[in-house]
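Participant: In case you want the letters, here they are:
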Amino acid sequence: MKRHLVSTADLTRDDALLILDTAEELAQLSGRAVKKLPTLRGRTVVNLFFEDSTRTKTSFEVAEKRLSADVINFSAKGSSVSKGESLKDTALTLQAMGADAVVIRHHASGAPARLAQSDWLHGSVINAGDGTHEHPTQALLDAFTMRRHLNPGAGKDLAGRRITIVGDVLHSRVARSNVHLLNTLGAEVTFVAPPTLVPIGIDTWPCQVSYDLDAVLPKTDALMMLRVQRERMNAAFFPTEREYSRRYGMDGLRMAQLPEHAIVMHPGPMVRGMEITAEVADSPRCTAVEQVANGVSIRMAVLYLLLGGATLADAPRTTDSSEAAQ
Amino acid sequence: MTTYLIRNAQILGGAPKDIYIADGLFAEIGENLGHEADVDIDAHGLIALPGLVDLHTHLREPGREDAETVLTGTQAAAMGGYTAVHAMANTFPVADTAGVVEQVWRLGQEHGYCDVQPVGAVTVGLEGKKLAELGAMHDSAAGVRVFSDDGKCVDDAVIMRRALEYVKAFDGVVAQHAQEPRLTDGAQMNEGQVSGELGLTGWPAVAEESIIARDVLLAAHVGSRVHICHLSTAGSVEIVRWAKQKGWDVTAEVTPHHLLLTDELVRSYDPVYKVNPPLRTAADVEALRAALADGTIDAVATDHAPHPAEDKDCEWAVAAMGMVGLETALSVVQQTMVDTGLLNWEGVADRMSRRPARIGRLTGHGRPISVGEPANLVLFDPAYRGAVNPDEFATRSRNTPYKGMDLPGRVHATFLRGTATVLAGELVEL
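Chains as they are written, first to last, in numbering that gives the first Met the number 0: chain U, 0 to 325; chain Z, 0 to 429.
Extracted from the complex, chain U is given alone in its bound form (with noise of 0.2 Å):
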């Protein structure tokens, strides 16, 4: 495994599945009474985080102290940071705390990548999402989530899978995590889009686009649907919300319209009556809840192989188990 973990490009598929199989394991712990692992005893694990995020950073948490590491939550907000502190002297200060590691969550893309690259800090440096930029958690617990619906079992991968994405991929950090991340595995990836949310330049992408959402959808085996902020209609980005929600939003209509196999998949926080109404967010096809519970065990397998340097030979068995139950 890397040292750190900021962007889903950096991960080989061997990574990947690495990952997805260790988190497939560790998922199984989830189900016991005692739901604790002693691996990172003694580690200190710094949650920074620039912007708010209750979800994220709820997740990392539970996620760090069921590997027992020590979790400090620095929060920007009533730290020195607000009161200008720049992102080098925190930085600074945290290593001489003794991080072991950082997860950062920045507004500013390519802020993780700054930490990662610069002497500042020592420990590793985890993507808790940047700005426009990356969010590699939230795709590798979204492949997770995909891959226990469509292609079950340890070391198996996306190949052949066709992934719909569909809203705001402009401003979208789970966007550009999520089409590397699922190229590396081998799935198809489709975003949808009105073309003012689409970033210049996507013809690159290893995807395909599309402005037709009824089209795509009976070709879907998981279609994910991004927040669509209610803001960027003033920067006309699209005419109305209503506007947007007939062309581009997904109700029991279109539901209907998936394959039998789909799933609905959502990052959330969602905006019922945007892009999701509550029929579908509601439906048994909707996997947004169980992607939160797979998001905790997906960030315990990135600690766990960043921080325990482990190889999926020495991931948590029975021993770990065990010795955790004591």
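Since the hints were made in silico from the structure, they are not lab data.
Fair warning: there could be bad hints in the mix.
Said to hold, decoys possible - Derived coverage of chain Z by chain U (criterion: at least 3 residues anywhere in the stretch with Cβ under 8 Å from a Cβ of chain U; other residues may be distant):
(1) 191-197
(2) 309-317
As the list claims (entries may be wrong) - A partial selection of chain U residues facing chain Z, derived with a Cβ cut-off under 10 Å:
(3) 37
(4) 105
(5) 108
(6) 109
(7) 112
(8) 117
(9) 170
(10) 201
(11) 207
(12) 210
To be verified - Label pairs and their calculated CB-CB ranges:
(13) Z:388 <-> U:57: 47 to 57 Å
(14) U:71 <-> Z:391: 55 to 65 Å
(15) U:106 <-> Z:264: 20 to 30 Å
(16) Z:282 <-> U:1: 43 to 53 Å
(17) U:11 <-> Z:92: 47 to 57 Å
(18) Z:126 <-> U:57: 45 to 55 Å
(19) Z:65 <-> U:30: 55 to 65 Å
All residues carry an ideal CB built from backbone N, CA and C; glycine is no exception.
Guided by the hints, dock chain Z onto chain U, whose structure is given.
Facilitator: Chain Z alone, transformed into the frame defined by chain U:
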């Protein structure tokens, strides 16, 4: 005054000749001159060019003396072979009054490393709303003829039209920073494949090209001249080429970094590559080189933009835009234009001295190296090869994208009206 005998210099790359400098002038030029000079310089293998003229320099004083002062900036200019620089107006306070431009001009005179020709702001406070007192700045001791809101675009078409018309009264020129503001709101880098992948807000080429197209049409309409700052795209080249074919009085400059670097470098998220206009694509670089070679682009201008370390040692989004460039410009031009066969040394002298001086109406600069002319001269060693070491820079700032890069050539000596400002590659104490 100290007299100098420069032996075997290749003037504009020609056959070796001796140059005798006395009383601030080229006193004699020929073979095997027999003068007794105070200082003898062996210029074997060195190229002699007229002192370089920069149309686009940020000296930061007054206001940001932590980044650069007139003294350190002109020392950097001398080290780069420059004998005149145009100091941009985006200082604090803005150079939008006769008082500020005179102050900057006088500082240049006092220090003596390089002539400082202040650029006056087009509009009060660079706000694009109200014309600054352009006439007063022209009539001041600084004698301003180039006006620019550089850093900001004069985006209001009426204000631009009026400025273009108004400066005709004193043979002025408006140097436009072409950037349509609404198309570049929050822009972080060139809009293209790389920005899409990196999730950085794009700065589309059309935001530059649409303003240039408008302004060449405006200049033609009112019969004035317009100068385009730091032209950076292949499309801009096409528009300027078209305007010149029409016979309109349009000139343009390109920076050294846009001749060499591309937006691929942004993949590192290292803000040393953050600059405005942004680094573009390899196709743009190729078009810019060709346009500089065929004369569509008139001049190389550094856009030397010093910033203190903390403004670059941070995440990309909050980093300052700009690069220092005075001390590396000639080397970058050698690498991109001379070593590639696109320009000879005569062409370099034209694009880095003669034409920029003419655009700025600097009558004492950009003149031929011939007897009786003011001795503004740079001796350049094109055979030198070495890695760029920012710690050796004279500029107060270190934000160079060339750190550690092997660039050809270095300045051996610079003369400003017969006074050596640089000798044997070292600054002279004045």
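Participant: If you check the beta carbons of residue 388 (chain Z) and residue 57 (chain U), does the distance land in 47 to 57 Å?
Facilitator: holds, 48 Å
Participant: Checking hints one by one. Is residue 207 (chain U) an interface residue toward chain Z, by the C-beta closer than 10 Å rule?
Facilitator: violated, 15 Å
Participant: Let's test the interface hint: is any C-beta of chain Z closer than 10 Å to that of residue 37 (chain U)?
Facilitator: violated, 36 Å
Participant: Is the gap between the beta carbons of residue 106 (chain U) and residue 264 (chain Z) within 20 to 30 Å?
Facilitator: holds, 23 Å
Participant: Regarding the hint that residue 109 (chain U) lies at the interface with chain Z, is the smallest CB-CB distance below 10 Å?
Facilitator: holds, 3 Å
Participant: Hey, does the residue 108 (chain U) contact hint survive, CB to chain Z under 10 Å?
Facilitator: holds, 4 Å
Participant: Taking the beta carbons of residue 126 (chain Z) and residue 57 (chain U), is their distance inside 45 to 55 Å?
Facilitator: holds, 46 Å
Participant: Please verify the coverage claim for the region 191-197 of chain Z: does it have three or more residues whose C-beta sits within 8 Å of some C-beta in chain U?
Facilitator: holds (count 7)
Participant: Would the stated hint for residue 112 (chain U) survive a check requiring a Cβ distance to chain Z of less than 10 Å?
Facilitator: At about 5 Å, which falls below the 10 Å cut-off, the nearest Cβ of chain Z leaves the hint on residue 112 (chain U) intact, so it holds.
Participant: Please check whether residue 170 (chain U) passes as an interface residue: C-beta within 10 Å of a C-beta belonging to chain Z.
Facilitator: Given a least distance of 8 Å, the restraint on residue 170 (chain U) holds.
Participant: Closer than 10 Å between Cβ atoms is the bar; does residue 201 (chain U) clear it against chain Z? Give me holds or violated.
Facilitator: With a minimum Cβ separation of about 6 Å from chain Z (threshold 10 Å), the hint on residue 201 (chain U) holds.
Participant: Tell me if the beta carbons of residue 71 (chain U) and residue 391 (chain Z) are separated by a distance inside 55 to 65 Å.
Facilitator: This hint is violated: roughly 42 Å between Cβ atoms.
The earlier numbered hints that this structure contradicts are 3, 11, 12, 14 and 16.
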